[in-house]
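Residue numbers (my numbering), protein chains in the order written: chain L, 14 to 184; chain H, 554 to 1058.
Bear in mind the hints are in silico, worked out from the structure with no lab data behind them.
Possibly wrong hints are sitting among the right ones.
What the hints assert, rightly or not - Covered by chain H, according to a simulated footprint, are these stretches of chain L (three or more residues, beta-carbon under 8 Å):
1. 67-73
2. 91-100
3. 105-118
4. 136-144
5. 151-164
What the hints assert, rightly or not - Ranges between beta-carbon positions, derived for each pair:
6. L:Asp159 with H:Val578: 52 to 60 Å
7. H:Gly840 with L:Glu117: 32 to 40 Å
8. H:Pro618 with L:Asp159: 49 to 57 Å
9. L:Val93 with H:Glu698: 32 to 40 Å
10. H:Glu576 with L:Asp84: 51 to 59 Å
11. L:Thr171 with H:Phe692: 27 to 35 Å
12. L:Glu117 with H:Glu691: 21 to 29 Å
13. H:Gly840 with L:Ala178: 18 to 26 Å
14. L:Asp84 with H:Ala864: 19 to 27 Å
15. L:Val93 with H:Ala679: 43 to 51 Å
Just so you know, even glycine gets a beta-carbon here, dropped at the ideal spot from N, CA and C.
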Amino acid sequence: MQKFLLQGLLRSALTEQAPTPDAASMAELGYTLERTARAKLGRSLSIREVDAGSCNGCELEIHALNNAYYDLERFGIRFVASPRHADVLLVTGPVTKNMREALERTYAATPDPKWVIAVGDCAFDGGVFCGSYACIGAVAKVVPVDLHIRGCPPDPTTLLKGLIAFVDNMQ
Amino acid sequence: MNFASKQTAAQPSRPTCLPWPREVVDRAGWLAMVESLAKGERALLSLWGESSCVHMALLEQREPPLRIVTLECPDGAFPSVGRLHPPASRLERAIHDLYGLKPEGASDQRPWLDHGRWGVRQPCGARQEIDTTCDRYEFLRAEGEPLHQIPVGPVHAGIIEPGHFRFSANGETVVRLEERLGFAHKGIDQLMSGASIERAAQIAARVSGDSTVAYSLAFAQAIEAAFDVNVPPRAIYLRALMAELERLANHFGDIGGICNDAAFSLMQAHCNLVRERILREAASAFGHRLMMDRITPGGTLVDLKPESATALYAMTDWIALMTPRLIALFGDTTSLQDRTVGTGFVSEALVKQYACGGYVGRASGRAFDARKAIGYAPYPHLAFEVGASNEGDVDARVWVRFDEIRASLKIVRQILDETPEGPIIAAWALPDDWTREGAALVEGFRGDIFVWLRMRADGVVQRCHLRDPSWFQWPLLEAAIKDNIVADFPLCNKSFNCSYSGHDL
Ligand code: SF4
Chain L
14 MQKFLLQGLL RSALTEQAPT PDAASMAELG YTLERTARAK LGRSLSIREV
64 DAGSCNGCEL EIHALNNAYY DLERFGIRFV ASPRHADVLL VTGPVTKNMR
114 EALERTYAAT PDPKWVIAVG DCAFDGGVFC GSYACIGAVA KVVPVDLHIR
164 GCPPDPTTLL KGLIAFVDNM Q
Chain H
554 MNFASKQTAA QPSRPTCLPW PREVVDRAGW LAMVESLAKG ERALLSLWGE
604 SSCVHMALLE QREPPLRIVT LECPDGAFPS VGRLHPPASR LERAIHDLYG
654 LKPEGASDQR PWLDHGRWGV RQPCGARQEI DTTCDRYEFL RAEGEPLHQI
704 PVGPVHAGII EPGHFRFSAN GETVVRLEER LGFAHKGIDQ LMSGASIERA
754 AQIAARVSGD STVAYSLAFA QAIEAAFDVN VPPRAIYLRA LMAELERLAN
804 HFGDIGGICN DAAFSLMQAH CNLVRERILR EAASAFGHRL MMDRITPGGT
854 LVDLKPESAT ALYAMTDWIA LMTPRLIALF GDTTSLQDRT VGTGFVSEAL
904 VKQYACGGYV GRASGRAFDA RKAIGYAPYP HLAFEVGASN EGDVDARVWV
954 RFDEIRASLK IVRQILDETP EGPIIAAWAL PDDWTREGAA LVEGFRGDIF
1004 VWLRMRADGV VQRCHLRDPS WFQWPLLEAA IKDNIVADFP LCNKSFNCSY
1054 SGHDL
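Build out the structure end to end from the sequences listed, making use of the hints.
Right under this line is the structure:
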């Protein structure tokens, strides 16, 4: 019974994934990223996400990178549970003062070489929360940032493009 | 609507709140309210401060359903509500942190949102500059030979928001969980004060990104109430359409996430396909995947094209096909049931005491849904049933979400069938001589969102209070995890899916 259901589910889900122009260009983006990441990092890129006080909109879209449409892991890029395992910190939010130390400590806990990607308009300059007594604003004011991916929130395609740009420019 | 004619007819009057009146009470009146809350005669909807007064929104068992009372606090103190009615406790601590008003007799006087790091105390009251420090925080004690503590966060292992959890455990069993929140505090109360309507609407849309539509709607409704704006019928339907799409997307995301936390990732893979399709349809219909900034006071900023309506209809057909399969997969997987049934139980008495909304309340026998209870348009014209259960466990919170998915699908179809033609935004202008107050209660996917605001005569926001449903859900998570094993915490937590950002403001 369950097996039948599982197969049924799997079949219908596959038919829903008909390739669209968008999906095709997406796959191309992804494979570029895979090639470059492999060349520069060997096998994989490990990302630790840090929410530095975002509204969680950015998190939702970062999450979407893991769904079957984008399936980030097939390119060797994966999210890890600890900064100790990470190459890259993906930081969102206008860095609330209450999160500053946690962000600094997460950065310190990430082994070298390490990179920081600031995701979202908040992480770029504080976004709509700019000027608040409770926010520092740009992530770059707290830890060195290697790349900004703008958007409120950036959609998964923009995030993928940003990751490619990042790997391409990695020293 | 035509504001010009109205303005000449009416005379400036003292501020009053629409659509629910706000009354100023004396100390005795305030205390009487607190006592009736403690007896369960009415429910606490919110408690918030201003520089020299506190307000309390109450849910009544008669008409009008909502009532707001105010106590002036010239001495910078007010009789604690939390002393007799614990659900008010954290709200009072937040009022003290931000406005400096002291809840007299409160049993818990620890700071809540203020961690000592802002460089200022009472930022919205009598500001006091300080050197930025890090306050010591005394966690409640759990004592006994075999107990140990597990601190978790604010940075968590998953891609989630920041918060700290302090577990006291006896072996594997959780004896006490204490939450410490406020890490996502962005100073929204202060940013709102003095903001133009446009800017305030943008901020409201970013209080909690997963509920951006619901927050925008609540903010817009409060403004519309304050200024007596008649929203065109087409806009009312389109807003409800966006709200239901948001609800559907989040419920699918949640159900997948809950199953994933029980190590059943197949379910998550399929739920996220549905979620992604909804977001893509939302993007093509409304121009933004999360539909952020699409709702504005007076109406909506984007119209629905006929081809988008057709695409959305096709999507509901597909979801209606997928849902029973997902339900079967969830219901027939006994290893999954083994994790969800009986886990993270919350009693009916507790959800009623906390007036806990959303799926958390409805899974424990509190049927409240603002779409029904307040019955804002267009919901009274639509047929749907709200989810309900009395089981109170993780399993029930999943089933209630499935109920709500079915209800939302039904609503979306009715909206697509019945949306009238016409304009999508009301022509309205700010009157230039009045201070106005408005309030709204809107059902987001997580529960009821309460907004109260006062507009200054020069057309900017004087004070806007946004109360996330999580305020009354977070404390119940502490109750839900008690006597469960530590390893079931992610499961319980995800079944609540409280907002950190919405709570921390
Ligand atoms: S950039 Fe936008 S979506 Fe991202 S955290 Fe900021 S407000 Fe939220």
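Structure-based check of all given hints:
1. 67-73: holds (count 7)
2. 91-100: holds (count 4)
3. 105-118: Per the Cβ count (9), the hint holds.
4. 136-144: holds (count 4)
5. 151-164: violated (count 0)
6. L:Asp159 with H:Val578: 52 to 60 Å: Holds, since L:Asp159 and H:Val578 (Cβ atoms, about 57 Å apart) stay within the stated range.
7. H:Gly840 with L:Glu117: 32 to 40 Å: Cβ of H:Gly840 to Cβ of L:Glu117: about 37 Å, so the range 32 to 40 Å holds.
8. H:Pro618 with L:Asp159: 49 to 57 Å: Once the Cβ atoms are compared, 53 Å apart, the range 49 to 57 Å for L:Asp159 and H:Pro618 holds.
9. L:Val93 with H:Glu698: 32 to 40 Å: At roughly 37 Å between Cβ atoms, H:Glu698 and L:Val93 fall inside 32 to 40 Å, so the hint holds.
10. H:Glu576 with L:Asp84: 51 to 59 Å: 57 Å, holds
11. L:Thr171 with H:Phe692: 27 to 35 Å: 41 Å, violated
12. L:Glu117 with H:Glu691: 21 to 29 Å: 24 Å, holds
13. H:Gly840 with L:Ala178: 18 to 26 Å: Hint holds: Cβ distance 24 Å, inside 18 to 26 Å.
14. L:Asp84 with H:Ala864: 19 to 27 Å: The hinted range 19 to 27 Å holds for L:Asp84 and H:Ala864, with Cβ atoms some 24 Å apart.
15. L:Val93 with H:Ala679: 43 to 51 Å: Holds: the Cβ-Cβ distance is about 46 Å, inside 43 to 51 Å.
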